[in-house]
Structure formats: C-alpha cells, structure tokens
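Enquirer: Top to bottom, those sequences are chains Z and W.
Sequential numbering of the first sequence, starting at 1, is according to our numbering.
Sequential numbering of the second sequence, starting at 1, is according to our numbering.
Hints may be right or wrong, so weigh each one.
For chains that are exact copies, the list does not tell them apart, and a pair is met inside one copy or across any two.
[Claimed, not checked] Each computed DSBU-like pair below joins lysine-lysine, with the alpha-carbon atoms no more than 30 Å apart: (1) LYS296 - LYS229; (2) LYS347 - LYS93; (3) LYS229 - LYS347; (4) LYS93 - LYS289; (5) LYS347 - LYS289; (6) LYS347 - LYS296; (7) LYS310 - LYS229.
Honestly, the hints are just simulated from the structure, not real lab data.
Protein chains: 2
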Amino acid sequence: MSADWFRRRFLPGGPLPAPRPPRPRASPVPYRRPRFLRGSGSSPGTADASCRPNARPVRSPVRGRALPWNAGYAEIINAEKSEFNEDQAACGKLCIRRFEFGVEEDQEWLTLCPEEFLTGHYWALFDGHGGPAAAILAANTLHSCLRRQLEAVVEGMVAPQPPMHLSGHCIRPSDSQFVEEKGIRAEDLVVGALESAFQECDEVIGRELEASGQVGGCTALVAVTLQGKLYVANAGDSRAILVRRDEVRPLSSEFTPETERQRIQQLAFLYPELLAGEFTRLEFPRRLKGDDLGQKVLFRDHHMSGWSYKCVEQSDLKYPLIHGQGRQARLLGTLAVSRGLGDHQLKVLDTNIQLKPFLLSVPQVTVLDMDQLEPQEEDIVVMATDGLWDVLSNEQVARLVRSFLPGNREDPHRAKGAVATEDSNIASQNHLRARCSVSVHHGQQQVCLPHPQTQP
Amino acid sequence: MSADWFRRRFLPGGPLPAPRPPRPRASPVPYRRPRFLRGSGSSPGTADASCRPNARPVRSPVRGRALPWNAGYAEIINAEKSEFNEDQAACGKLCIRRFEFGVEEDQEWLTLCPEEFLTGHYWALFDGHGGPAAAILAANTLHSCLRRQLEAVVEGMVAPQPPMHLSGHCIRPSDSQFVEEKGIRAEDLVVGALESAFQECDEVIGRELEASGQVGGCTALVAVTLQGKLYVANAGDSRAILVRRDEVRPLSSEFTPETERQRIQQLAFLYPELLAGEFTRLEFPRRLKGDDLGQKVLFRDHHMSGWSYKCVEQSDLKYPLIHGQGRQARLLGTLAVSRGLGDHQLKVLDTNIQLKPFLLSVPQVTVLDMDQLEPQEEDIVVMATDGLWDVLSNEQVARLVRSFLPGNREDPHRAKGAVATEDSNIASQNHLRARCSVSVHHGQQQVCLPHPQTQP
C-alpha cells in the first residue's frame, strides 16, 4: 500500500484509478456457524438458565468433539439484533512447511530430518458488524494468510537468529552484528507475519465483498502457539486474558475510537479532506449547540492528552469526528471500533465520507514466553468478544473460571465446561440486565495453556 | 496550526505564503549560564577528581544560594564539543493569578479571599544542539508561556471539577455529567497547559531565531509542582526518575527517532514529498548496498512492530529515514532526537529536505499525586540530560543518591551535595571512558520531594 494508493483511494480530486475490467458478480458468501459447532443444537446451558423464559440459549461443541488443546468454546445466540449471528470463530492446527525440496535436494538428508513441518495451534474470534460476510470470510481465510506469511519467513524463524538475508548467503560478514544490535529475534518474525496476515486477509475480504456485492466488517482476535510462545494478535474491541491462580494478566488492548483518538484526529489534521467539511476533528465533552457559540469550552486536539478551553466558533458546531463515551463512542457517528477487517465500502449515512482511511487492519501483538511463565495446570486463557466484557470484568471472569475448574480436575473437557458456565451466567445476567444486553452478541473461547500432563 | 499551514510550510508546490513585511534583524540571543550559577566558578567537584589532569570541572550554585525546595544543581562544562555550553536550566516559583479583578468586582469579597494566587514551583533542563540559542530562549521563555497557559484555565483548575464552560455559566444542566463521564479532572487542565506552553514556546523560538538569523534546537524536560501534584513534561531524550528507599520510578520516556519510529515512518508514508525522493522510509538492520539488490532482507514499515523480509529494489538503497542504533540513531541522517523546541530552519545537509515536520514540540506529561505517594524525607527526583544517562543507569544513579544522603541528613543543601557527587563521579568516569564521553555535555538537577519537615 503506497501513499499514492492512499490518496487515489480516499482523497477527492486525486487522479482516477485505471478502469478495471468488469468482473462477473460472485455468489454471496454463504452463511455458516463455526465448523466445530456442527451437530450441536441451540440449548440453554444450565437447568437454572432454562427455567428463565427469556434466557438466551448457549451453543458449544457436542461432547466428544475436541478442540485443539481441549479448548472450550461457547456462544450465546444473537439477541435478535440481526438475522444472522455476526460473530464467527475458527481454530485448528497450523502446519508451517519448513523446507522447499527442490530436485537438487539430498534425499538422504531429508530422511535424517524428520521435522519437515513446524507445527502450532490457532484460535480466532471475529465479531462482525454490518452483516456476517466479513466475519465468515475472515474465519475462512485468516489462518491461510498466516500460514503463507509464516512459510515465507520460516527459514529465519528456525535459525539461531533471523539472518539479514533470507537466502542464508552472507553478503557482509558484519550482517549478524547488525541484526543483533537491533535485537531482532525469531518471535519478531512471527509478530511481523501476524501483522502482514491481517493486512493480506483484509485485502482478500475487500475483493470478495466487492465481487459478491456484500458489505460489512469484523474485529479479529487471534491466539497462536508456536515454538514455545503464545502470540495474541488483536484488532478491535475483543479481549484476551490469562487467568492464573494468583494473577489475571491482560493479553490484549482494545482499539476503539476512544482509545485511538489521537491517531484518528492526527489523520484528520493531516488530511482534512477526509471529513468533507461535515465533521470537526476536535473533541468536546458533548456535542456543541448554537448557544455555546462564543463561550470558552473544554476541548482536546490531536496533540493533546490533557484538556484545555477554546472559544467556540461556528465550525466547532459540526458533528465530532469521535463522539460519545465508552461503549457509545462512535467514529464518524457510525462505527464503535477503530481496527478490524473489512468495511472497505462503509460510508457515513447519506454522504460520500469513507470510514476505511481511519481504520487499521493491523493488530497489536502480545508475546508470552510459555517456558518463562512456568504454566500450571489451572492456567486458562479466556478470549471473548465485547459481549462478555461488557457485562463481566476481568476479575469476575477469573473468579468464575477458578470456581469451576478445581471441581472438574479430572475432566479433560473442563475448559469447555468452564466456558459454558460463564456463558450461562451471562445469559441469565442478560435477562436481568436487559438494557445492557441489547447489543450483547458474542462468541467466546477458552484455551488451556500447555501443562505437560494436559498437552495433547 | 492547521493542515493548510502544514502543507504550505512543508510541501513543495503548495500555495506560496503571503509575503511578509521585511523585519529589522534583531540582535543575536546573548549567551549566558543559568542565573542561579552566578558567582560560581568552574571548579572540579571533588579533590579526587581535581587530581586527574583531564577531569572536567563541575559547576553548581554557590553555597548560600538556595534553589526552590533546596534543589541541587550541577553541570559538567561542555567537553569542548562546541564553543558554548549548549545546555541550559531554569527554576523558580510559579505564581498563577487566580482572579481577574474588574471594576465591578466586590472589594469586600476581595479582602475576604486572600488566596489571590495559586503558587507552584518550576524546574527545567534544556539540552541544546546546533548552537546555544534555542536552549537560552527556552530557558528565558517557557515558564512565562506556562504561566500564561495556566492563567487561561485557572478558574477551571480551582473548581471542584473543571466546568464545561470556563465562564461558569451553565448552558445546559447536564454539562457536569458530560465532564464527569469523560473523567476530566483539574490535573488534565495542567497537562493541557503544559502541552500548549511547549507549543507556544516553540513558536516564540521560531520567530526569535528567524529574526536574529540564528539556528538550533533543544530538548526540554520540565518538572512542576502544583496543588499537591508533581507534573513531569518531557520532549526529547532527557530523563527524570524518582529515587525512593526501595524503589526507582521512571517519570518520563525518551523520544528519539528509534522510540518514535512508527510515528515518523507513518508521516513519511502519508506525505512522501517530505523525503524528496532522497530517503527511504523503510527500516533495515543496516544500510543496503548494491550487492543486496534482489536479495530478501529484513525490514520494517510504519505499521509493523515485528520484522519481515522483502526483496530489495533499487529504491531501498536510498539513505534510510531513520538510521543507526541506540545513541547513534539519526532522523534523516541529522538529528538524534524526535521531540523538542526549535530547529525550524534545520535541513538535511546540502538539500531542501526539512526536519521540522517530523519533530514534535509537544511533551509527554507524567502526573504524580504526592499525597498518595506518602513522600519520605529521603525521596529525590533526579532530572538529567542524556549526558548522565549515557554513562549511568537509573539504578546506578539511585545507588549514588542513596549512599550520599543518609550521611548528610542534617544538611539542608544535601540534594546539592548529592548532585555534585554524581557529577564528580561522571567527570572522572568520563576521563576513564573517553570514547563514551566525547558527546557528554549535560546539565543535571535534583529536586527533593516535599517532606513536611523540609518543604520551605
């Protein structure tokens, strides 16, 4: 993606893109639930929840269908917010081909080297909006993008240190010294591969949605285990935490118009054309009205963490680039997240103002060294979309997980049980807290960290 | 500052600025050392250091001249790197006028309200480059800018909660609810005032340097105490730490081309004209040469925290936007810091490529609630330019401070003694570590946190 592309794509008056040959319209992306839910009905999670007439049913994989590492998964059926459940999930084994075997390859050496593949695991949650298509495409595609990106750098990942040149040819003897000075390690290549995979997947989604005439976007939260490390990549407002006996550790940050305010305002400062004169990039505590004109009111601009006062002018009365607070915060009055996949055609209602230039598809990646962590049998990673975190805090989720697991120590599917317990809890809570639950629609997934006795 | 201004100022081919009336050239900014050093000679700090023939002398205020809060200050004379010591310092009491007394003011009320001023303290270090002028202007100006910015919002600072409207008129009854939802507190106004003051000071420096035909820039590290809080504002690579009996707490982060790589690369992505085709925005472990062409080498772009490989093209052989590692990292091959004041006219040697668009004058501000901290008598804040931190770690500085203070508990000027001890240590270390000390030129200052018994 070049600056030229950015301007052509998003700025008015830029040179027109070369005309594309007309492409036959592809069929719409077919709706589906995650593969591992096949055979599972929509059933209330517990007897208690089923007693409540309005409790929302919890779905999880049928007994006997194991997810990698005996992970648990459960989802609450969409609260009739849209026709389809817009959330999706995916998991599976990652097989990264380590070597390209050419004709000149020494066949004897091949048999001496059984580790032809580097293997890992992959879990992903996608929280869709504006239709289920983007989340379905992401669930179908992102793991393939990641595998491709990892295979492109795998030689560097398995070397003692990523070499300056991937070919292994040493152009300059001092190359390894430069790599060392920059502190580049194998895990940086996995982080880079995750970043590139999200971008590649975003491009695929853009092409597919355009071809099928569909719209929509989704957040993406991905956990990958590889070479003794856990990578958590997040673009959006989902969240992953690690629950241990004495600790709750956040593994991701949320990306919303609020948390990324300065980046978004900065872009609007550099390219005010993106707002088409309809929005103000300044933040005020509330939307200003005519009677605020001439008053000195609290405001923040792109370079400010603190607040100051400014005298209100006519242009400050425009609708704010970022408006609202907490869960209500919206980008251009339209979108509640600032990172994710898709949304290539999304515009502000009844305008030509595009949201995509303000969105990032690139995730933030957290790396956890599982050897240094000395994982215990009861350690659990909880990944969930905002539906869970809107109603339960990290500590509340940790308490639920901790209270369920000890009594089910012998059950290899205990993570599944734990996740169903949480969801039942939410399903009944939602019933009690109807106001909060209106937009609660979430998938949720749990992953056991590898204890020697439990790791398959 | 508007986007329009940004483009006119920095992009080629933008509309020409309106011609300015010729301004009589002002006289150059006169050189000086900080006021509180008057009367102090250049003397080696300790007998031990003075025995070494090449030990660099340490300067500190003469005995009897107390800095606010009995702070200590010491500087090592510039190692003949330039004709003048490019570092500057300033400190003093901040008096913020709380009320504008108009003719309609009730005089009786005035006498009932003795707290006409809000008072605080101010300490600042400026590490100059490209000449001493910018640092001198900053030391002369920044505290006035800050006072002005604080006075503009002081009514909001002394209210129980900053009001939506500074006038105090409540336009809408729900205003305070919006302020509360955004979590806006008095300290956010001080942070905002510090951010605005740095920007205002940067503009003053730009005008003054242009008028006097001088050049240069400086970093700025400022500590302010106000209403029971300590604010540390930093733009550049200086550093402040809090040393306590059992803890060393960083109070600032460094801003260099390395730590701000993604911000700088992002701007070059959005406005490639700023590089005039002479630089590449991509980062490689080392500068690429002709024999790297066609190879797959490690690289990072603006959206990447991790690393990946790319096939080297001709354009990748250009000089990198950010080059080098650690202390050697340079922006456009020219500057070692990415935030600070001044440098308005700085260009890459023999080109028209400007550095200013990549520099931020806005500081990052850390807030320390001194009541929550429960300060102890031996707590010390150490502020120093990179000259100190290049040769001593936070822990080493803490050890020096802790070893000096207990034996001097009765001395009200003990912070001054502690700082001289450190500087002597550096002066002699520099002698021993000549390679490291070449560019060591620093001011350094210590501030006692307010213990009830020591606070004046």
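Enquirer: Evaluate each hint against the coordinates.
Expert: Each hint tested on the structure:
1. LYS296 - LYS229: between (52 Å within a copy, 26 Å between copies)
2. LYS347 - LYS93: For LYS347 and LYS93, the Cα distance exceeds 30 Å both inside one copy (37 Å) and across copies (53 Å).
3. LYS229 - LYS347: neither (40 Å within a copy, 45 Å between copies)
4. LYS93 - LYS289: Result: close neither inside a copy nor across copies, 55 Å intra and 40 Å inter.
5. LYS347 - LYS289: within (25 Å within a copy, 45 Å between copies)
6. LYS347 - LYS296: neither (33 Å within a copy, 39 Å between copies)
7. LYS310 - LYS229: between (49 Å within a copy, 25 Å between copies)
Hints 2, 3, 4, 6 from the list above are not met by this structure, while the remaining hints are.
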